[in-house]
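S.K.: The lines below spell out each chain.
Number of protein chains: 2
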Amino acid sequence: TQQLLTESSLETSKARPCRVATADRSVRKGIMAHSLKDLLHKVRDTLMLANKPFFLVLEEDGTTVETEEYFQTLADDTVFMVLQKGQKWQPPSESTRYQL
Amino acid sequence: TQQLLTESSLETSKARPCRVATADRSVRKGIMAHSLKDLLHKVRDTLMLANKPFFLVLEEDGTTVETEEYFQTLADDTVFMVLQKGQKWQPPSESTRYQL
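Residue numbers (the working numbering), protein chains in the order written: chain B, 1 to 100; chain H, 1 to 100.
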């Protein structure tokens, strides 16, 4: 997925820092990704999901992220959660919540 | 993933200040590091971990930092936590929390 960087695409195509948690929030990893596709590949490798199907949601509220367009609007260090078959997003428990 | 140092990448390769805490947050040290690899070496020496295996997570939320790329995106004075075998990241207790 190499591509020439033009001035206008630099902003959206440069690698951005993402944080990816497992469904039980026991593991959280920092991963750099240029795109949603890139992130999906790296999540598969980093969390050793092999060929198991999964998708990504926002850790904060379970919003499914499935388009590049939407991915590109997210802030650096957005926290994603990996959901595999049968897994469901759950709100963080009180003890691990840092919201205001 | 070697790369030539152009003017713009100099910024990311110069030594940056890091703070490194133990898993129980009883010790916190300021360490200058050029890279994740450099930081890992210095943590081993500074905290006298000898040959014990360990890894680094972000103190704020337990995100594992295992790539140079991701390390380079972190702000100066980011607080890391050293986790050795059997240790687990835990949120700071109420008394040590400084969030708004």
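To be clear, the hints were calculated from the coordinates, so they are not data collected in a lab. Possibly wrong hints are sitting among the right ones.
[Unchecked claim] For lysine to aspartate or glutamate, the following DMTMM-like pairs were computed, each having C-alpha atoms within a straight-line distance of at most 20 Å:
(1) B/K37 / B/E66
(2) H/K88 / B/D61
(3) B/K88 / B/D61
(4) B/K14 / H/E68
S.K.: Determine for every hint whether it applies to the structure shown.
M.R.: Now for the hints, and whether the structure bears them out:
Simply put, B/K37 and B/E66 have alpha-carbon atoms about 9 Å apart, close enough for the 20 Å limit, and the pair holds. As the CA atoms of H/K88 and B/D61 are separated by approximately 25 Å, the hinted pair breaks the 20 Å bound. For the proposed pair B/K88 and B/D61, the alpha carbon gap of about 11 Å is at most 20 Å, so the pair holds. Using a Cα cut-off of 20 Å, the hinted pair B/K14 and H/E68 holds, with the two alpha carbons roughly 15 Å apart.
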